[in-house]
Amino acid sequence: MSLERLQFRILYRHFLFRMVDLEALTAHGDIQRLLGQLGAMLAALSFTLAVAFTPRYINSGLSAPRLRVAAWGDEEFLIATTIAVVGLVAVIAWNAMLPDRRDSLVLGALPVRMRTVFRAKVAAIGTALGVSMVAVNIFTGLSFAFLLAPPHAGALDALRSLSAYWISMFAAGIFIFSALLAVQGIAAQLLSYRRFLRVSSFLQLASFFVILGVYFLTPPLATVKGLTDPANQSTLAWLPSFWFLGLLQQLNGPLHPAFGPLAEQAVMNLGVCSLVAFITYALAYVHHMRRIVEQPDIAPADRSRASLRIGSLLARKLFPKPLDRAVLLFTARTIARSRQHRFLLAAYGGAGLAIALAYAKSLLYGTSRTPWYQLNRPLLVGSIVLLSFAVIAARAVFALPQALPANWVFRVTAVHSPAAYFAAVRKTLFTLTAVPIWIISAIAYFSIWPGRPALEHMLLLIPVGVLVVEISLYQFRKLPFACSYLPGGANINMRLGIYGILFLLAADVGTQFEFWSMQKPARFLVLLTVLLAAALWARRRTIDYAAMPENQIQFEEQPPGELFPLDLRPDGAWFSEQTYLDATDPHSGRPLRARLKPLAVGALVLMACGVAYEQAGRWRDRRLYPQIGHSVDIGGRSLNIYCSGQGTPAVILESGVGMPGLSWSPVQREIAAFTEACWYDRAGYGWSDPGPFPNHSDSVARDLQALLHASGLPPPYVLAGHSLGGLDVRVFNGMYPNEVAGLVLVDPTPEDLPDRIPQYAPPDWLQRPMFLAAGLAGELGVIRLWAPDPGPLPKGFTPAEWSAISSLRWQVKSQMANAKEGPLRTDMQQVKAAGGLEDLPLVVLSAQGNPDQLARIKLELHTEIAQLSAHGKLTVLPKSGHLIPFEAPEAVVGAVREVVTEIRAGAQPAAHFKIAVESRP
Amino acid sequence: MLELRHITKLYSSIPAVEDISFIVRAGEVTGYLGPNGSGKSTTIKMLTGLIEPSGGEILYRGESIARNRVAYKQRFGYVPEEPQLYPHLTGSEYLEMVGQLRGLPERPLRDKIDGFLKLLSLYEDRYVPISSYSKGMRQKILLAAALLHNPEILLLDEPFSGLDVNSALVLRQLIRDLAAHGKVVLFSSHELETVERVSSRIVILHKGRVVANDSIEQLRALMSLPRLEDIFSELAVEQDTQDVTRQMMQLIEA
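Protein chains in written order, with this note's numbering: chain A, 1 to 921; chain B, 1 to 254.
Hints were generated in silico from the structure; no laboratory data involved.
Yeah, the Cβ is synthetic: ideal placement off N, Cα and C, and Gly gets one too.
Each hint should be verified, as a subset may be incorrect.
[To be verified] Once the Cα atoms are required to be at most 20 Å apart in a straight line, the calculated SDA-like pairs of lysine to any residue come out as:
| hint | chain 1 | residue 1 | chain 2 | residue 2 |
| --- | --- | --- | --- | --- |
| 1 | A | Lys317 | B | Gly103 |
| 2 | A | Lys321 | B | Pro108 |
| 3 | B | Lys135 | A | Leu105 |
[As the list claims (entries may be wrong)] One side of the interface only, derived from the structure: several residues of chain A facing chain B at Cβ under 8 Å:
| hint | residue |
| --- | --- |
| 4 | Arg325 |
| 5 | Ser338 |
| 6 | Pro405 |
| 7 | Ala406 |
| 8 | Trp408 |
Please take these sequences and the hints and turn them into a complete structure.
In structure tokens:
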């Protein structure tokens, strides 16, 4: 082998290694393994995409041309992914692309020709580029080409589809790579080496964020409408993924004229970029290398800059302790000046930003339900994701050393306790991550959102930030950048991925919860209190740990070798951190009682707050919702009744489970137009006193009879009962048959329902625990806190009535009354025993608005109930749900009118059963 | 005074220094000599607390330094063998950080740093990152960092390495003056002539053991040799220098 070829091979390996030697991969110097790992990582991505996309195209039932149109979106996504991946590889390998000082000094002194260096570098770049492009398309490249080929296509068609795909992907990859190389090359030509070094790292970061930003914010325009809309043309001209989509379509056989210009743009831009890249790159070897040697690397910083002065002034004012200042300044200066650290920080930050952007996309393209200037979830998630990623990024970067041999200075100057150092590290982490994000978020939210949600979100963001900082610093015993480092320590592993997914889930669910809690001040206060408590707890834990006397600052990732002269540890594992932690856990020796004490105190305080909240709420309710109707004594306790209208028979409205009598008000008003109509609150509901436990249909009937007599309403009555109220009025009819003239059953609970659906009624033994739980939860304010908003106002109700109903439904008394009434088995047996419908005027309303299994069974049973009376009638409401008094009050009024009319007529019409289907909306 | 009592340091059960005992007195300059690998830097690192002795005890003013490390660390200044500094900081920033880590108040620290930088001819380069400093400049930064807090003890490991003639002369005088002001000064060097001029006492280490520990006059008289170089060759040099150079010439030309 000639000397030049040998030199080429050595340099090629060296350059390739330097290009792809990422911290994410650990190959221990093995180039094949390194490339294998890189390829496997990208191929895994390709496999995931192929698995995700393939099912859409198999059995799609679309014709071949329509299938190709349907695939545009996915193809554009794959091109954009290729561009992003190749772009990121180029950004990561940024410093290895142009010759640097090391190359110049080392190779300059050796008898190596410049063209050998140049060829080796180009070959290395080509290999890295090729491996990443092939790997990221390996599965999609095969599956797409064959999925999109016409069903009876020959080998030639399939080959065309395959080559079109790969040509387009390679073109897109080469385009982004040469674009980035050209940017760097032009900067190298125009600037002095010193200035170039400074600008280059900013260009690198900027490229990183541009690539991510474009990838995550590209609008979904890969449709006929999107591509042809004149308003989109300027956007399309700026988005490379669409140019190369155009190229792919043209190569596949043109389907749409919109792709022609895009394909032309792809070819032209690819040509220009590769030409500029090649020229500047070749020039770099001619001029640049010599200049590197001649010019110094680093220029003195310009100390007159106002930002630097303000920075050091702030550091002095905010950090009066010299130690805190030392750690802060050291950290800030290292991050500002070390490319490696800055880049790792940017990588994490970029990931956070990408996720935040992905959330914000719906706001940007107007597909979100809420506009950006109102409280919305995407922006809530955004700040939490950015905050967490900033903290985690800084914490991860802290563990990466800057100049290990220089760490001795921290050791010989350690004149403070380790706890003082850990406190300084915590302050530094706050100052550099959480505080700036808090300030930026505050400015952003207060300028785009109304004051209250902005303030509330900021109040929550503070404990969240504290929590993330404290958790990330727990058991961190190092000074930033001053501890040794195991190679591959930041190796991307499964755990990181799982934690990331868990974190995103938590952030997503957390912001849903936050959104919900911001609807009510009390909920918000609970959430804020819980977060504050968690933040304080995390802070206490970290401080306690840091203050342990046996805790020392850790400068070595591994204990000094001489402790293990025989090296008996298993391969790859050293005396574990866990062993140390177990031995020094401040909590391990504490008795359970001592550990539970703060929890118990916290729970008591929380309960006291809950009781106070509930009492305040009741006081407020009494003022806001004065009694409607009047209380009538029925022997030691009173029930509330409201009547109006004139005429006989009087109509008495019986509510369903959990509903106050007021929920009948629109129905009652209408009925009052033709006869006397009353609603009342069953024991415990609305403004009535609580009743006995349990409170089944028989006791309800006795209460009602006493109430009606005490109110001076002369029998007989027409009773209308909704849902559970249907059981009650039938039992009333069985107990006092002479006092009932007719019945209207409004989607009643059928007594035979448990025979058909055994799980419908909960077991009897649950009744008392549920009653007690309802009472306890109510007294502690939990029910009030959980109570949803009243929802949209149904027709027929006034806003005052509607909010009163909502308040009455969720009062503790009602919830307890509710628990006293269940389970329904007893009521159902009472109904079966009651009988007495034989010739009673009866209308049964059956709600069939939600045609599910339950509704179907209920319809059958409702038919049976209506058939129990010779004067029975079943009216089916095909458009109403179970809550007929709210959804179709006119149907109830109509049914009552029928029964009243029938009674008033006094005539006994021929006994026959009728079924009517209500056609009114 | 700083006293080493039967100090041993083992690396994987191989001794780097073995049972060494000597005293560094206040007001004296103690020169610490030995060939490469004899354990000089190991001893000095044990005196700074950077590494722990495997056996024996180090006492300062009669009290073990292990009893209160923090108090001890406030008392000494250390110039390490290699000028290992954070390259991304400027000279001024590095000194500022060291001062802050030692808890020195801001204003006097600033003045002190500027003063040191001016006297050591580094003032012009105070805003240049250390990565572009020459070896001598880095050495001066180390020296300034060791003296910022006016320490009682000075542990100087090869303090002259890389210094130009001017600075070396200043440092030589400074070491003598510091001792005259009652400081405890221990310094190791390979420049025997300098050691001879500066030190009042000599400790020679060979293969991890103390082979000489006496005042320089005493040593001369004892060994009947006029120069320190001769004494050193007699005690610590095993190789025949002429023979080694002859063999090397043969190897180069082979």
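Problem - Status of the A:Pro405 interface restraint (C-beta, 8 Å, chain B) - result: holds, 4 Å
Exercise for the section: Answer holds if the nearest beta-carbon of chain B is closer than 8 Å to that of A:Ala406; otherwise answer violated. Expected result: holds, 5 Å
Exercise for the section: Have a go at the A:Trp408 hint: is there a Cβ in chain B nearer than 8 Å to its own Cβ? Expected result: Interface hint status for A:Trp408: holds (6 Å vs cutoff 8 Å).
Practice task
Compare the distance between the alpha carbons of A:Lys317 and B:Gly103 with 20 Å, and conclude whether the hinted pair is satisfied.
Solution key: holds, 16 Å
Problem - Restraint check, 8 Å cut-off on beta carbons, for A:Ser338 near chain B - result: Holds, about 6 Å.
Practice task
Return the status of the interface hint for A:Arg325: holds when the least beta-carbon distance to chain B is below 8 Å, violated otherwise.
Solution key: holds, 5 Å
Handout entry: Distance restraint between A:Lys321 and B:Pro108, which requires alpha-carbon spacing of 20 Å or less
Key = Within the cut-off at roughly 15 Å; holds.
Exercise for the section: For the pair supplied as a hint, B:Lys135 and A:Leu105, confirm whether the alpha-carbon distance does not exceed 20 Å. Expected result: Given that 20 Å is the threshold and the Cα spacing comes to 18 Å, the pair holds.
Hint violations for this structure: none, all hints satisfied.
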